[in-house]
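K.L.:
Residues per chain, in single letters:
2 protein chains.
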Amino acid sequence: MSATPTKFQERHSVEQVEEGADLAPKFDDHGLIAAVTTDAESGELLMQGFMNDQALRQTIATGEAYYYSRSRDSLWHKGATSGLVQKVIELLVDDDQDCVWLRVSVAGGASCHVGYRSCFYRRVPVADDYANKQRDGVVELEFTDTDKVFDPKEVYGDAPNSTIL
Amino acid sequence: MSATPTKFQERHSVEQVEEGADLAPKFDDHGLIAAVTTDAESGELLMQGFMNDQALRQTIATGEAYYYSRSRDSLWHKGATSGLVQKVIELLVDDDQDCVWLRVSVAGGASCHVGYRSCFYRRVPVADDYANKQRDGVVELEFTDTDKVFDPKEVYGDAPNSTIL
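The listed protein sequences correspond, in order, to chains A and B.
Its first residue numbered 211, the first sequence is counted upward by one per residue in the working numbering.
Its first residue numbered 211, the second sequence is counted upward by one per residue in the working numbering.
Rather than coming from a laboratory, the hints here were simulated on the basis of the structure.
Some clues are possibly wrong.
Which copy is meant is left open, because identical chains are indistinguishable; a pair holds if it fits in one copy or across any two.
As a list, the in silico DSS-like pairs of lysine-lysine whose alpha-carbon atoms are at most 30 Å apart [stated by the list, open to error]:
#1 K217 x K363
#2 K297 x K363
#3 K363 x K343
#4 K358 x K343
#5 K363 x K236
#6 K236 x K358
#7 K297 x K343
#8 K217 x K236
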């Protein structure tokens with residue numbers, strides 16, 4: 211791990227933020243930026259989360275994905291419990307610098323606490339497909355993946371589920 | 211466009227939300243869920259935005275991407291100004307249903323208001339690469355794309371830039 215923490219730049223112009231080489235992230239009212247994580251090989255979307263200032267610094271310094279867990283209200287080293295650490299192959303920032311994109315490889319091949327490879331294992335029908343399948347506006351989600359990579363109970367034991375109703 | 215608006219289900223259990231076929235999205239305190247948009251062919255991340263209730267319904271009904279613009283505080287039919295409409299090839303929802311993934315094809319091939327194909331055209335160095343390149347913790351972003359697909363001034367004219375400092 212690098213000894214020197216990353217310094218973020220002040221945001222002083224649209225041109226600087228959008229077209230420049232300064233790293234000047236915009237954290238929201240809760241001190242967070244969005245983080246989108248895809249599998250570096252397959253391109254599959256694995257998860258969408260958030261980072262605070264510290265999570266972004268740690269990710270940059272270590273090359274492993276850190277997030278801010280809103281449900282646990284704390285810094286979250288992804289994989290610290292499950293062993294499914296995400297190694298950052300490439301980190302990119304978007305135009306207005308309120309979102310980062312992590313292209314990662316995942317030890318164990320799974321990123322979802324439910325046990326699936328990706329958090330996105332259900333499809334919502336749209337357009338004609340929606341019109342044909344809806345009944346009074348209600349649709350059924352369609353599973354695109356039904357094979358869990360791991361058993362959440364074995365990995366997380368009795369730890370509280372992170373899903374909030 | 212379908213005559214019947216989508217009905218979202220009440221969220222009553224973790225099992226229903228994570229493992230069921232109910233579409234029961236969780237909108238946050240601002241009435242929004244995160245939306246991640248990738249190019250259906252290349253897998254490239256194009257943008258990360260937000261949807262409110264109406265944007266999600268419109269996306270489902272029409273098969274074109276609608277978002278909620280936080281900077282303009284209004285429903286946003288992506289491409290309405292620029293013509294760069296996003297046709298939704300596949301729409302997926304994540305485990306706890308607070309995020310949707312849009313796999314789209316884009317008329318014109320660009321999704322970024324700055325003119326690039328993707329909003330993510332700059333890389334942040336991490337780990338050893340960071341350690342080697344940083345000076346007093348300051349790094350320079352590296353451009354991964356330097357060819358703009360369109361000229362924002364031609365497309366948007368004098369409309370205010372959406373980037374907020």
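K.L.:
If a hint holds in the structure, say so; if it does not, say that too.
P.N.:
Quick rundown of the hints versus the structure:
When the C-alpha separation of K217 and K363 is checked against a cutoff of 30 Å, the pair qualifies neither within a copy, at 40 Å, nor between copies, at 33 Å. With identical chains, the CA atoms of K297 and K363 are at most 30 Å apart within one copy only, with a shortest distance of 24 Å there and 39 Å across copies. Neither within a single protomer nor between protomers do K363 and K343 lie at most 30 Å apart by alpha-carbon distance, with minima of 34 Å and 42 Å respectively. Proximity of K358 and K343 under a CA criterion of 30 Å is satisfied intra-copy only: 27 Å inside one chain copy versus 40 Å between copies.
Within a single copy, K363 and K236 get their C-alpha atoms only as close as 37 Å, which misses the 30 Å cut-off; across copies the closest is 24 Å, which meets it. For the identical chains of this complex, K236 and K358 are inter-copy neighbours only, at 24 Å across copies versus 36 Å inside a copy, given an alpha-carbon limit of 30 Å. For the homomeric pair K297 and K343, the shortest alpha-carbon distance between copies (19 Å) is at most 30 Å, but the shortest distance inside one copy (40 Å) is not. Within a single copy, K217 and K236 get their C-alpha atoms as close as 13 Å, which meets the 30 Å cut-off; across copies the closest is 35 Å, which misses it.
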